[in-house]
Amino acid sequence: MRFDKAFLPAGGYWSTPFSKWGGSFANLHPLKFAAEVARKALADRQVDPKELAELVVGWTIPSPNCFYASPWVAGLIGAEGVTGAIVSQACATSAAALAHAAARIETNDNEATLVLLADKTSNGPHLVYPNPLAPGGKPDAEDWVWDSFSRDPWAKNSMLETAENVAREAGITREQQDALTLHRHQQYQRAKDEGFHERYMVTPVEVNPSGRRVVATVEYDEGVFPTSAEGLAKLRPAIGEAGTVTFGSQTHPADGNAGLLVCSRERAAAWSHDGDPIQLLSYAQARVEKGYMAKAVVPAAKRALADAGLGIGDMAVIKTHNPFAVNDLYFAKHMEIEAESFNNFGSSLIFGHPQGPTGARLIAEGIEEARLLGGGHVLFAGCAAGDTAAAVVLKIPG
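Quick note on UniProt numbering: the sequence shown kicks off at 1 and runs consecutively.
It is possible that part of the hints are untrue.
Keeping only pairs whose Cα atoms sit at most 25 Å apart, straight-line, the calculated DSS-like set for lysine-lysine is [stated by the list, open to error]:
id	residue 1	residue 2
1	K192	K40
2	K302	K290
3	K290	K5
4	K333	K290
5	K5	K50
Pair ranges (Cβ atoms, derived) [claimed, not checked]:
id	residue 1	residue 2	range
6	D140	G78	51 to 59 Å
7	G374	G78	32 to 40 Å
8	A229	D140	44 to 52 Å
9	V128	K40	35 to 43 Å
10	G311	I239	44 to 52 Å
11	R151	R190	20 to 28 Å
12	R236	K138	31 to 39 Å
13	T107	G81	31 to 39 Å
14	R39	I312	34 to 42 Å
15	G81	T203	47 to 55 Å
16	G375	K40	43 to 51 Å
17	N108	S210	42 to 50 Å
Simulated from the structure, these hints should not be mistaken for laboratory data. Ideal placement from N, C-alpha and C gives every residue a C-beta, glycine not left out.
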């Protein structure tokens, strides 16, 4: 899908730090929390919520009252007259919600949309479904977070098994995964030391679940632990003795939220305070054979690049959602680039994965990295549940 009219204001995007599963954000309502952060982010960017024409809310894990997500959250941020869609597409939610908003701009339906992504893997819902035909009317039950991670109802495997399948087929070794994981940690740590994440991150975040007392102040990502080659080598495979993926070479579940403003060129220019607007050029998605999720990133990226009329060599910055180190090794091999050459300022492999907002944070990082380089094209691509993936291409002016 090609876009010509969709733009993001310079600086018109943000993310909270990501908190580890069971960490500081575990007891916050994800939508209320996202609304609180959005109010602050919009005020900091001198954007009046009443000037928004639409609010698109993306989530993958249900929370109380999420049935009313967009109109409810719009009211919470001060945009009482606004409504919009709820988008949920597993780990591709950010890209899909961005594309939905861009399509509305493309067809001249509105001039300014806020895309708000919010998820909390901690304290996820434990659902009970009535089943009067079961013995004694016993209900069916589902643990939304862990059951979804552990079993694809179509492919009949866990997400971890898809990484092992791709590693085995592509000949990706444990040693390669450990080496790249260490490199990704070093990229993230260097970005942290240089203050890069402060370019888009809303901090500090005061945690006040009761509305009466601040119980924690979060200034940076929680759940990123010191990593060494020796430490990674000591970890056992996550599946079986012959496995290649460890708990070190995969991401961790997390909590957080992120936002993106999607506008016409004129509105994006008016809301840009430090640079010219960023253009969204294309969006694409793909699906591969059962049980090979990590492979889907390649066809999704190739389609998005083709729709933008560009090649991988035209990209100044490449950001991937990489729940497993396997993803980046496979992507690099089939896109004919070096695995060490992208995700220069961190990735979800290291800072965690709240699902819905993960892609939006990576897009914000990619834009800011390109701005540091003086402009250029950015590719974001990442896999999603169901052996799928999504990708977007953006143009950052010099």
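Now for the hints, and whether the structure bears them out:
no. : hint                    : in the structure
1   : K192 / K40              : 23 Å, holds
2   : K302 / K290             : 20 Å, holds
3   : K290 / K5               : 36 Å, violated
4   : K333 / K290             : 21 Å, holds
5   : K5 / K50                : 22 Å, holds
6   : D140 / G78: 51 to 59 Å  : 41 Å, violated
7   : G374 / G78: 32 to 40 Å  : 36 Å, holds
8   : A229 / D140: 44 to 52 Å : 46 Å, holds
9   : V128 / K40: 35 to 43 Å  : 37 Å, holds
10  : G311 / I239: 44 to 52 Å : 36 Å, violated
11  : R151 / R190: 20 to 28 Å : 37 Å, violated
12  : R236 / K138: 31 to 39 Å : 37 Å, holds
13  : T107 / G81: 31 to 39 Å  : 21 Å, violated
14  : R39 / I312: 34 to 42 Å  : 39 Å, holds
15  : G81 / T203: 47 to 55 Å  : 31 Å, violated
16  : G375 / K40: 43 to 51 Å  : 28 Å, violated
17  : N108 / S210: 42 to 50 Å : 45 Å, holds
Taken one by one, the earlier hints fail for this structure at numbers 3, 6, 10, 11, 13, 15 and 16, listed in ascending order.
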